[in-house]
Structures are given as structure tokens and as C-alpha cells.
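Chemist: The lines below spell out each chain.
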Amino acid sequence: MAGWWRRNPYFVWYMVREVTAVAVAVYTLVLLAGVVCLASGEAAWNGWLSAMRSPVSIAIHAALLVGMVSHAWSWFDIMPKTMPLLFVGGRPVAASAITRAGLAAAVVAAAALFALAWALRP
Amino acid sequence: MLETFKADVAIVGAGGAGLRAAIAAAEIDPGLTVALVSKVYPMRSHTVAAEGGSAGVVQAHDSLQQHFDDTVTGGDWLCEQDVVDYFVSQCTPEMVRLEHWGCPWSRKEDGHVNVRAFGGMKIERTWFAADKTGFHILHTLFQTSIRYPSIRRFDEHFVVDLVVDEGRCRGVVALDIATGRFVLIEAGAVVIATGGAGRVFRENTNGGIVTGDGMALAYRHGVPLRDMEFMQYHPTCMPGTGLLFTEACRGEGGILTNREGYRYLQDYGLGPADPWPRKKAMELGPRDRLSQAFWHEDRKGRTVQTPHGSAVNLDLRHLGEKKLRERLPLICELAQEFLGIDPADAPIPVRPAVHYTMGGILVDGRTASPLPGLYAAGECSSVGIHGANRLGSNSLAELSVFGRVAGEEAARCARTTPRVDTATLTRQAENAVARVRELVVRSDGRERLSTVRKEMAQSMENGCGIYRTGPEMQATCDKLAELRERYRGVKLDDTSTAWNTEWLNAVELGYQLEVAQAIAHSALAREESRGAHQRIDGFAQRDDVRFLKHTLARYGGAQAPGIGYGDVKITRSPPGTRAYGAAGEHAEAAAGAAK
Amino acid sequence: MTTLRLRPSNAPVLWLLFGAGGMLAALFGPMLVFVTGLAVPLGWTLPGDLLSYPRALAFAQHWAGKAFLAAVIVLFAWHAAHRIFHSLHDLGLPTGASSKLACYGGAALVSLVAVVALGALGF
Amino acid sequence: MSESGSKAARVIEIEVLRYRPGTDAEPVWQSFRVPFLDDTSVLEGLQAIKDDLDGSLSFRWSCRMAICGSCGMMIDGVPRLACHTFLREFFPGKVRVAPLDHMPIERDLVVSAEDFVHKLEGITPYLVPREARTVEQGEYLQTPRQLEQFRQFAGCINCMLCYAACPQYGLDPEFIGPGLMALIHRYNADSRDGARAERMELINAEQGVWSCTAVGYCSVVCPKHVDPANAVNQNKVNGALDWVKRRAGLKGGGT
Ligand SMILES: Cc1cc2nc3c(=O)[nH]c(=O)nc-3n(C[C@H](O)[C@H](O)[C@H](O)COP(=O)(O)OP(=O)(O)OC[C@H]3O[C@@H](n4cnc5c(N)ncnc54)[C@H](O)[C@@H]3O)c2cc1C
Ligand code: SF4
Ligand code: F3S
Ligand code: FES
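Protein chains in written order, with this note's numbering: chain A, 32 to 153; chain B, 8 to 602; chain C, -15 to 107; chain D, 114 to 368.
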């Protein structure tokens, strides 16, 4: 079985999907660091903020953004597989419709989050 | 060299009939050990391919009498009428039982089981599970059989002989295909449920495993094969492969047209074409009549040509995309994959191919053969309900009804049969093993297996096709005699023992040649036309004086089979005219008035 | 009839955490990364002082903000840990007790630290 | 092979992975050249080899119409039914045929189905009626809508293609696997069945749904559109809820 996932493009995509977990993990640590800094006082927090502004951090976050978007996309792509058959008006709902609904929900959530940030701006 | 397994009941074949028998035996007496032997895993058995449905009277305006009449008329009065009576009375309970075991029958909105129309049936009484009825019945039976701990399966075990001692069947000898080892399965009673023999013909709807093994096993031990000349041609098959487009296509409203787009069946006593649909008329006439009509159209040059021979059009377009996908999904898939045709857009080219073996191992109404301890059920048997032509959807019902009977009878027999000395049985089994082994180790042959097989299949098609003549049948009989001789010189490429499928094919070919002989000689001797046996050499009429009889073919060793006859049990339906379409309606009206 | 010898599993709880984290990350992950990692640091589309100390503190001290941060960190951690652990298995890398400890133990540690830190921030 | 195969103008190369126990130390490729038509399947190609070139080539087949589930094999690296795959697809290239992945080879293209059948027997693969009913009482009622909840999962032909497709089964053969998880779900989703609680233990075991990482390739190769990935993954939800209920002291297996 060694290297099995390289044998078939389908499996390569699967691995790409799984690797998005690394993006999630890294971002979790970034946030955790932020929270710990915040709890340690203003100086620590400002340290965290300036670290976030470093070019390295910007590059990392650009990559994380790609990872997160892939995660979101693949998450909703497989969502139909995790759900029982849905019927609307007596007709089964197509898998692609479920995926589209999921992606739409993600767009709405993202917009809401952005709106919140916008509303909280000084 | 030879293992022994002691069972009470041994069942050869795990298709619909074999599984039903095993369950019945296990239910009637859980203390009995049931050995269920099959050369393929049960769910691969050819019952899996049945598409259309299974008969059972359910509607208020239907009756057992009408199912009886359709069956006996359809069989051209060569049915055992007392057995048909029992059969029609048991179909519905068996279908309900399958439902209780989980069979996903198609339903009406109110939750009750739905039924559809079928060829030769006057009223809708065909239970169906989309167009995968056999598949669902087989898987339901197989999965249900797992409940019963007393059923011991021998999967992928190939039966090479019966053991018979002092005039009683005592068990079977089987080859474990994976290892090449043999096992003697001793039993108080043996049920054969090995299915049909359609693959002795070239173009057929049958799976590769449908090689008449069980028929040959019984036949070699002196049990007559009954009514073997009646081979059913199914009118709507794929040219070349012979794959089936179920009769349900026509049951749902599909029509047959020739190259001019004309519904030619009205020219052959099945009309008038309108109004449509009407039961037992036009496309819903019986299979033999439809296949014969094709033959005539072909002679008249009114068929369409395909790379695999001539064909007519099965037109489903007017049913519409939605109904096609819902009711005939498998058909849509077959047409799409094999022919690149979407039945919603274009008609499907079809031609007749061999489909069903009406005859088989002679058994009485309780599935007992003349050899004590030996029972048979399903397509391999001739219990007497199909006569000269089987009606579609009667055989899935048959294997449920008579599979159960066989299981119960065999269990009863096994309980009351004292066991005999194993040594004699072992000796017999060892002889059988040696005979089969000889095929692989033989070094002097030069004949190629596939050549003999192809010549047999072609010769059967030439001589025992839709229409038959004396000289052509004689030629086939001669050819088969020659092929049996040449068979003794077959040399295999493969001399190993594990998974040697060439070896299995060779044993099967031996079975097939003998069954083919029984078919051809039975056909030659029947000098009349009835049901699926149609002659155009001066015997075009039914002859009830000479031939209201069952043909009995008896094994003649290296020689041709001996042909004899047996009586037909007529209880209340004397032979009448077998008319369909408007003529049939008139005949029925007249009969109704006379009553 | 056969009886399969079954090993009961504690996977359901891990899977529930994985699933919840995955859903949260799919819904909010991209925008969180964008806001905290790109928009604010670059002062692009959002003001650069959006996350000044007092504002950040206020957010983390509000019960809703606190709950949101806790949920994101904890669930993201379990999501990532679960997937990474399975990827080790997929790649044929060791999946013994130490790998398990590294993945799930890591997630537990992250959760603990996050909860303690957020708790220390008070309301 | 249909007789009119003689009309074939084209010839294709079929490479077959051979393994004859006792003869071959390990599987070896062997090449054959076979004439074909537009509607000639890979299975017919193999039959032509067996008939005319080498009678010792072993493979399983029967129905020729994608319903008996016998003829699954790796065709150019993808698990497919040989009777349902056409040579025209590969021409003018060659086609490589090998036994199904993840199962022990018994001989040539024949793999052992023992693991699958053994598991099948262990999953309560039959209807355990919710309420008893005699034949005289007639059928259980079930609306088309209720039938629709499990119909697709009842369509599994046990061809094992999904087992050859699933890397998690390849990595850990104890996994009950996609096809049989679909069968478990087929009965659980049947309105007539009452053994859901019993089958929940299968679903929730290590060998059950938790071995699956939702690769999804099983559903891609399934020739009958059973969508086993759906059966497995929607049961993660069911399994987890059941697990929570049981921990909470409620009776599991409900709904
Ligand atoms: C394409 C098709 C469609 C059909 N549609 C319908 C329909 O719609 N309605 C209907 O009523 N009928 C239909 N029929 C007919 C019906 O399906 C068959 O008559 C019936 O399924 C036969 O069942 P069986 O149990 O007798 O045999 P099978 O299902 O053929 O089983 C035979 C068993 O015997 C075993 N066996 C054979 N030889 C040996 C041996 N030497 N050693 C060990 N085991 C052996 C096999 O492994 C197998 O398990 C159809 C038939 C075909 C071919
Ligand atoms: S789920 Fe599909 S691929 Fe798997 S065994 Fe069943 S039919 Fe074959
Ligand atoms: S491929 Fe395998 S991992 Fe799951 S979704 Fe299918 S069973
Ligand atoms: S031969 Fe039956 S599935 Fe291919």
C-alpha cells in the first residue's frame, strides 16, 4: 500500500483535502498565541500584533487562506455523502444542490463576520 | 484424497430454487444439516438476471382460475393441470413471504404491492421490483438463508456426480474449485436446483453457468428428462450477445415495429393493433408467437440489419423519459452501454434468442423424481406447469413454490431414510473423481474445447430453432453424436487443479452435449407443432391424438437417448384453440357463453 | 451465521469534535484568516487599529466574543488533530500510542491553554 | 465472443496479470492480441483469449450484463466490471487487466471473496420485522417514499469493486467496508425492520464507519450507483448520535 495515494488522481485530491487540516492547525496556534498574549497584557499583545504584520506572517496567512478556502470547498463537496436522502416536494434533492447550499451558507457566514468586523471598527 | 461431509439434505444449486429449498428444509426441522452446494457464490446464480417479475393473483377482479387458464393455454395444454392448480394457489403466499423477508417489491401510493401486465397473462398479476426482480428475490433469499445456522454452504463447489446406492440417491460428489480437492457429501435426500440449459444454444439470454449440469446428473442415473424439445425463444434480445430486454418493456406499453415502422404482429393473428394496450394481444401475446412472427418478417425481408444479424425495433419512446427511468432503469442502462442508444430517443434493435428450458428432470407434483431420495426444483425440473411454453413471470413463482416443496419433501425423506455403509459410497465417489480427473491428465487428445462447444451451439441453433424440420433436426442429432465422440479427444491447455476453469468448462461441456442430445432427439420425434416446438415440414398443426403426451428422454450411454412418452394430466381444461388478440377474445366470449 | 468480533470505539466523540470543527472552519475559517491575518495587519479593507489592545480585550471579555474564540480554538484544534492523525495512518506512518498522544494530546493541551487564558481575561 | 466477431477489422492488445499457484512465483504480465468490435466487452476479449489462445486463463463471469457481480477486475488500474467495460475505450492503446486490489489472488484474475462473504454473514443482513405478521395477513405496507429511503442501497450486487477502490480497506482489512456498510444501512433504513439497535453496534465499532475517512472513491467506481460512501458517512452521524444517547443512559438504536 505504500504510496497508494499517488497512483490515482482521485486519491491525490483526497490527500490535498486532508492536508488542509495543517492550515487549520497552524491557524489555531496563531490564534492561541494571540489569546495567550492578550491575557499576558498590552505589551505582549502588541508584540503579537506586530508579528502579524511581518512579511513572513502575511505570506503564511495568504497560504493559510488558500488552505482554509480549500477546506471549505471540499467540506461542502463531501457534505452530501454525510446526509440522509432529502426530499423536497416528494423529489430527492441532488447532491450538487446540497453542496451549493453549503457553499452559500459559508458565503453568508463570511459576510456576516466581515460585517461584524466592519461594525466594530473604531 | 476424498473428504466426507455428512448432511441430512444436500441441495445442488443455490439460485432461487435451491435457496428456497434450503430455507424450507431448515424451517421445517432445524435439527437437520442442510448442505447447500453451488458452483458460484449464491448471489451470482442466474436467478439474479431475471428482470420482469413473478406471478401471483392479487387483484379483486382476478382469480386463481384465470391464472390457471392462462398458464394451461399458454402451455398449449401440455401442463399437469393438478400441479398447475396447486401452483397458482401457492404463488401469492410465496410472494408475500418474500415480502416479509424484505424483498423490495415496487409499491402503489397506498403502500400495497404493485403488479404489472405480462405476456400471455390476461390480468395484471406480475409482482415486480423495478426491472431487477430476480436480483432482489435472489439477494433476499440468500440473505435470509444466513439466518439459519443449520444451512452449511459449500460455495464455489462444483458437483460432478450423484452417488446412488441400492436404487436410492445418497449424496453428491463435489469439487472445491479453489483447491481442486473433492468432497463426498452424504445425505438422506438430494435436491437438484441447478437451473436451465440455455447455453447449449448459440445466442441466448443465459449466464455462463447455465449449462444443464443437474439435468445431466439425474439423466445419467436413469431419471428421464421430460419435454426437452420445448426451448423458449424470447422475442426481444440484443443481437449478438443475446442479452434480454425484459418483457416488462412491452408490459409497460412498448411496441414492436419492422423496418417500415409497421406493427407487424397484427399480420400474425395477434391483432388488431388498436386499441392499445390490450392483454394477450399484439405485443402482449405469448413469447413463442412473437418469436415466430419475427422469423416470418425476417423471411419477408422486412427486418433491419445490425452487425450481429437482423432485428426488429422495440420502440419505447412514447413511454417518456420519466417512466422509463423509473420502471425500466436496467433496460435504459443496457441499451445505453452496449448499443449507445437512449430508449427515450430511439428504438432498440431486438431479435429472438434462447431463453428458457421448459423441460427438465421428471418429477411429480411434490418434486420427487422416480429415483428415490432425489428431488428437483426450479428451471432444471419438469414439475409440469409450463407445458409446451412457459408464461413470463411463472418461473420465478415456480422456484419459490416448488423450491419450498422440494425442501420440505427432502427434509421429510431425510428424516425417514436409514443411512448406509459409507464405504460403498466412497468407492463410488472415488470412481467419479477418477473419471473427472482423467479430463485434465489426458495426453492423447487434440480437440480444442471451444471448437466442440461452438459447433454444438451452432448446430442446436440450426436444427432446434424457432422453426424446425425433420432433416435439419436429424442433422443436429448426427452432429451431436459426432461431437460426443470428438469430446472424448478434448485436450486441455491447463493441467493444474486450483481454479482450473477450463477443466470445469470441459465437465460442463460433457453435460451440455448430453442434454443437447435429449433436446434434439425429443424434438425430432415430436411430429406436430405445439408451443415452442414448431415444425414446417408437414407437421404444422397440433396433433392431440398422437402427441398430447409428455416426451421422456432416457439416457442411452454412449448411444442416442431413448425416446418414450407419458400421459398428460388433464383435470378440467380440455385442449382448445390457443388464440390471442381478437381471435382469442372471441374464443373466450364463446366459451363464456357456453358455460 | 457468523459473529464478527467487534472492537467498541471511542471514535464517535472524536468524530463529533472533528465534524463540529470542520463545519466551523468551513463557515468562518477563510474570513477569520482574512481579517486577522491579512486585512487588519495590512490595514486593507479594514482599519489597522481594529484589534488595538482595548478593543481586543473588550471583545475577549464579552461573553459572546469569549465563547466564539473558545469554540474556534478548541474545535479547530480537535478537527485538525483528528484529520492529521488519520493522515498518518493514510501515509503508513506510525499510529501508535505516541502519535495518538501527539495529535489528540496536543488538541487537549491547546484547548486547556485557550480556556485558561480566556478565563484569566475575565468578564 | 459473438460469432460475427469475424467481421472485426481491429485488433487490440490485452495485457493480463497472470498468477498460477505452483507455477508462478509471483504475478507476471502476459500479452495477447484480440480482434474486437464496437460492442465487444473486456470480458468477451478475455473469453476470446481463453477460447482461442490460452485455455488456462482463469476469471469469474456469468451474467454478462452487470448484475451477477462476478467479473470485477482492475482495468487500467480502475476497479470495473469486465462485462460492462468496452475494448473500444482503450483502442488504439492497449488495456491492462489485473485482479482486484486489496484481496488475495487465488489464481490469475480470481481473488478470494472469503473476507467479504464472511463479513456479510456477520452483519444481520436480513429483515428482522418490527412487528410479526403472518402470510394470511398479507404484506407489510410501505409507501414508494419509504421504499426510496433504502432502494438504492438494496441495489448492491456484491461485486466488491468498492473494496478494491477503498484505501482504508486496503490499509486495514478489518474494516467492514463500503459495500457491506451499504447493506447494513439498507436494512436499517427499511421501514419494516426492527433490528437497528443490533446493527448500530457494527456501525459504531472500530471496524465500522470509523475506519472510513470519506475518501469517496468507492462511490465513484460502484457500477450500480449504490453510493456506498453515503451509506457509510451518513451513519457516522447516526452512530455518533447513538453513542451519545447510550452514554446519556437513553436506549440507543432508536429513530
Ligand atoms: C435474462 C433472464 C430473465 C428472466 N426473467 C424472468 C422473469 O422476469 N420472470 C420469471 O418468472 N422468470 C424469468 N426468467 C427465468 C428465471 O429467472 C429462471 O428460470 C430461474 O431464475 C431459474 O432459477 P433456478 O433456481 O432454477 O436456477 P439458477 O438461478 O440458474 O441457479 C442454478 C444454481 O445451480 C448451481 N449449479 C449449477 N450447476 C452446478 C453444479 N454442477 N454444481 C454445483 N452447483 C451448480 C449454480 O451455481 C446456481 O447456484 C428469466 C431468465 C433469464 C435468463
Ligand atoms: S456497493 Fe457498489 S461497488 Fe460495492 S459491492 Fe455493491 S455494487 Fe459493488
Ligand atoms: S472509499 Fe473508503 S474511506 Fe470511506 S468513503 Fe468509501 S469507504
Ligand atoms: S458477468 Fe455478471 S457482472 Fe459481469
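These aren't lab readings, by the way, just hints derived from the structure by calculation. Possibly wrong hints are sitting among the right ones.
With beta-carbon atoms standing in for the labels, derived distance ranges [what the hints assert, rightly or not]:
# : chain 1 : residue 1 : chain 2 : residue 2 : range
1 : D       : E202      : A       : V53       : 25 to 31 Å
2 : B       : G452      : C       : T(-13)    : 23 to 29 Å
3 : B       : E267      : D       : E126      : 41 to 47 Å
4 : A       : V47       : B       : T11       : 39 to 45 Å
5 : C       : V99       : A       : N77       : 40 to 46 Å
When the alpha-carbon atoms are kept at most 30 Å apart in a straight line, the in silico DSSO-like pairs for lysine-lysine are as follows [claimed, not checked]:
#  : chain 1 : residue 1 : chain 2 : residue 2
6  : D       : K358      : C       : K84
7  : B       : K307      : B       : K286
8  : C       : K84       : C       : K50
9  : B       : K129      : B       : K13
10 : B       : K329      : B       : K129
11 : D       : K207      : B       : K461
From the structure, some residues in chain D lie toward chain A, with a derived Cβ separation under 7 Å [to be verified]:
#  : residue
12 : A122
13 : F145
14 : Q255
15 : V328
In this text, a Cβ means the ideal position worked out from N, Cα and C, and glycines have one as well.
Chemist: So which of those numbered hints doesn't the model satisfy?
Modeler: Of the numbered hints, 1, 2, 4, 5, 9, 12, 13 and 14 do not hold.
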